[in-house]
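Chemist: Listed below are the residues making up each chain.
Number of protein chains: 2
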Amino acid sequence: MSELDTIRLLSSPAEMREEMERARRSGRKIGFVPTMGFFHEGHLQLMRKAKADCGLCVVSIFVNPIQFGPSEDFAAYPRDLESDLKLAASAGVDYVFHPEPDDMYGPHFQTSVKAGKLSENFCGASRPGHFDGVCTVVAKLFNIVTPDNAYFGMKDYQQLVVIERMAADLNFHVRVIRCETAREKDGLAMSSRNCYLSAKERSIAPRFHEALNQMKMELGIIKNDKNSFSLSGFLANYSIKLKSGGFDSVDYLKVADASTLEEISDSSSLSRASGIFIAGAVYLGRTRLIDNVVFDL
Amino acid sequence: MSELDTIRLLSSPAEMREEMERARRSGRKIGFVPTMGFFHEGHLQLMRKAKADCGLCVVSIFVNPIQFGPSEDFAAYPRDLESDLKLAASAGVDYVFHPEPDDMYGPHFQTSVKAGKLSENFCGASRPGHFDGVCTVVAKLFNIVTPDNAYFGMKDYQQLVVIERMAADLNFHVRVIRCETAREKDGLAMSSRNCYLSAKERSIAPRFHEALNQMKMELGIIKNDKNSFSLSGFLANYSIKLKSGGFDSVDYLKVADASTLEEISDSSSLSRASGIFIAGAVYLGRTRLIDNVVFDL
Chain A
0 MSELDTIRLL
10 SSPAEMREEM
20 ERARRSGRKI
30 GFVPTMGFFH
40 EGHLQLMRKA
50 KADCGLCVVS
60 IFVNPIQFGP
70 SEDFAAYPRD
80 LESDLKLAAS
90 AGVDYVFHPE
100 PDDMYGPHFQ
110 TSVKAGKLSE
120 NFCGASRPGH
130 FDGVCTVVAK
140 LFNIVTPDNA
150 YFGMKDYQQL
160 VVIERMAADL
170 NFHVRVIRCE
180 TAREKDGLAM
190 SSRNCYLSAK
200 ERSIAPRFHE
210 ALNQMKMELG
220 IIKNDKNSFS
230 LSGFLANYSI
240 KLKSGGFDSV
250 DYLKVADAST
260 LEEISDSSSL
270 SRASGIFIAG
280 AVYLGRTRLI
290 DNVVFDL
Chain B
0 MSELDTIRLL
10 SSPAEMREEM
20 ERARRSGRKI
30 GFVPTMGFFH
40 EGHLQLMRKA
50 KADCGLCVVS
60 IFVNPIQFGP
70 SEDFAAYPRD
80 LESDLKLAAS
90 AGVDYVFHPE
100 PDDMYGPHFQ
110 TSVKAGKLSE
120 NFCGASRPGH
130 FDGVCTVVAK
140 LFNIVTPDNA
150 YFGMKDYQQL
160 VVIERMAADL
170 NFHVRVIRCE
180 TAREKDGLAM
190 SSRNCYLSAK
200 ERSIAPRFHE
210 ALNQMKMELG
220 IIKNDKNSFS
230 LSGFLANYSI
240 KLKSGGFDSV
250 DYLKVADAST
260 LEEISDSSSL
270 SRASGIFIAG
280 AVYLGRTRLI
290 DNVVFDL
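These protein sequences, in sequence, are chains A and B. FYI, numbering that gives the first Met the number 0 numbers position 291 of the first sequence as 290, with every residue one higher than the one before it. FYI, numbering that gives the first Met the number 0 numbers position 281 of the second sequence as 280, with every residue one higher than the one before it.
FYI, nobody ran anything at the bench for these hints, they're computed from the structure. Mixed in with the good hints there might be a few duds.
The list makes no distinction among identical chains, and a pair is therefore deemed to hold if it is satisfied within one copy or across any two copies.
Claimed, not checked - Below, a list of computed lysine to any residue pairs in the SDA-like style, where the Cα atoms sit at most 25 Å apart:
hint: 1; residue 1: Lys116; residue 2: Asp101
hint: 2; residue 1: Lys28; residue 2: Ala13
hint: 3; residue 1: Lys113; residue 2: Arg126
hint: 4; residue 1: Lys28; residue 2: His97
hint: 5; residue 1: Lys116; residue 2: Pro100
hint: 6; residue 1: Lys253; residue 2: His107
hint: 7; residue 1: Lys116; residue 2: Pro64
hint: 8; residue 1: Lys116; residue 2: Glu99
hint: 9; residue 1: Lys154; residue 2: His107
hint: 10; residue 1: Lys113; residue 2: Phe67
hint: 11; residue 1: Lys154; residue 2: Asp52
hint: 12; residue 1: Lys116; residue 2: Pro106
hint: 13; residue 1: Lys116; residue 2: Pro12
hint: 14; residue 1: Lys242; residue 2: Tyr282
All chains should be modelled from the sequences, with the hints used to inform the complete structure.
Modeler: This is the structure:
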């Protein structure tokens, strides 16, 4: 029996829910990793952690149409179910839930979950409605899978914070587990969208994380000398550096409080922040890359 | 031991959820009646049915601030916990969940459930945001109480349909049970807000349901002779009747498809409707009364 024989692939929300009820009745704990598929090592780390923590690991693969804007890459988003199933099996996954859009959004679908102010800045400002689409599908998946724990990577840090908030606000009984961003050896944050990059673009891409790390170091150095420091100048300077480093444009580059995601615009508010979140989105050709660093100052 | 000793009163969502997990683990089925308290016979009928169907009956009493508009009666809404607990005990209720607003909406609360087009007409048009507030609190209560069945009265028919849609759209694993409107002997739909009525107003109030019943009969009679029938004239005529019958104003009076809640504005679309919903909201002094009839033509 190969690993693939042990994995259960389901597409019906009702069947998935029934399976989970059965698992729960037999005393099992459910670890859940919601994904859009096209797995890389980052996804697999989440799955291994879910499996180790809970014993039962459920992964959803669903490219969720309602979190993409009309001009975004929903149709082009990379998909490879066969490879994903092999990788999931190698990570010890028990169930893959892979619904079709019609299974999730019937003809009368009309109720949505609306994220609040945590969703408004950063990627939310560039992608209106994106986080409402994410919250809606994650709420649905939570109700279908009924997980004890759900695992999210910190590469999508704003998404993680928005989902933690949603889970608390709507009283979902699930622990949201933060997991470190998985990176290539050269520091590039792993992403399914990295497959869009040409060889040339791929060689430029790691400079994004390098810049974020330099920004973190620089903020650490100036923390005792804030008066002479201009945060807007600092950000503008790194934007220019990124563009001269080969990125086509900078969608945003911002410093914020890591809990509230409230933007920090002057150096005096740096010290009041409970933690620091530096986040950016940059374009390399048509590809939009996001990355961040989260740290205590 | 009096009945009151057997009822458990809880205010903490976490404790409530734990109690329900315990009940579920011991194999019990949970019937749930969400309310704003100030019980009348209509509430008690829902409780008795929940108890009979499920064995365990949970009632929530929560005057939900986010479903009231700024000029509405949130502060004045009638409350009487002591009487409610006695009545609930007499109906066989096992748990009363009675949180404070702060238990439900902490300082960082910001995620909401947004109802769709079913919520836009009728009471939704007069009370912007009302059904989003209802859906948000009911989603929270479903996650806290984890009911098998949830019971709603048909007096708030639009609310019932909106919640059925929400439960399906967000994959809540709960059966929403429709229950007939409880009425006084003279036909007035029972409502906690009826306590606002003066003796004079109370004597006028039953004419609302009388008018709805007449409208139902009249639509039944004309169903074979639709061509000569003007639906807008029909509605205007009944609006005038209500006002000359003593009501101060008619907020709305409409005929719709009972499933889609799409308004029926001409007589030819009457025959295409899967069921008929005639609904109205009228003012008697400062009191807003709603009522409806739902039937097959």
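Chemist: Against the structure shown, which of the earlier numbered hints fail to hold, in ascending order?
Modeler: Failing hints: none at all.
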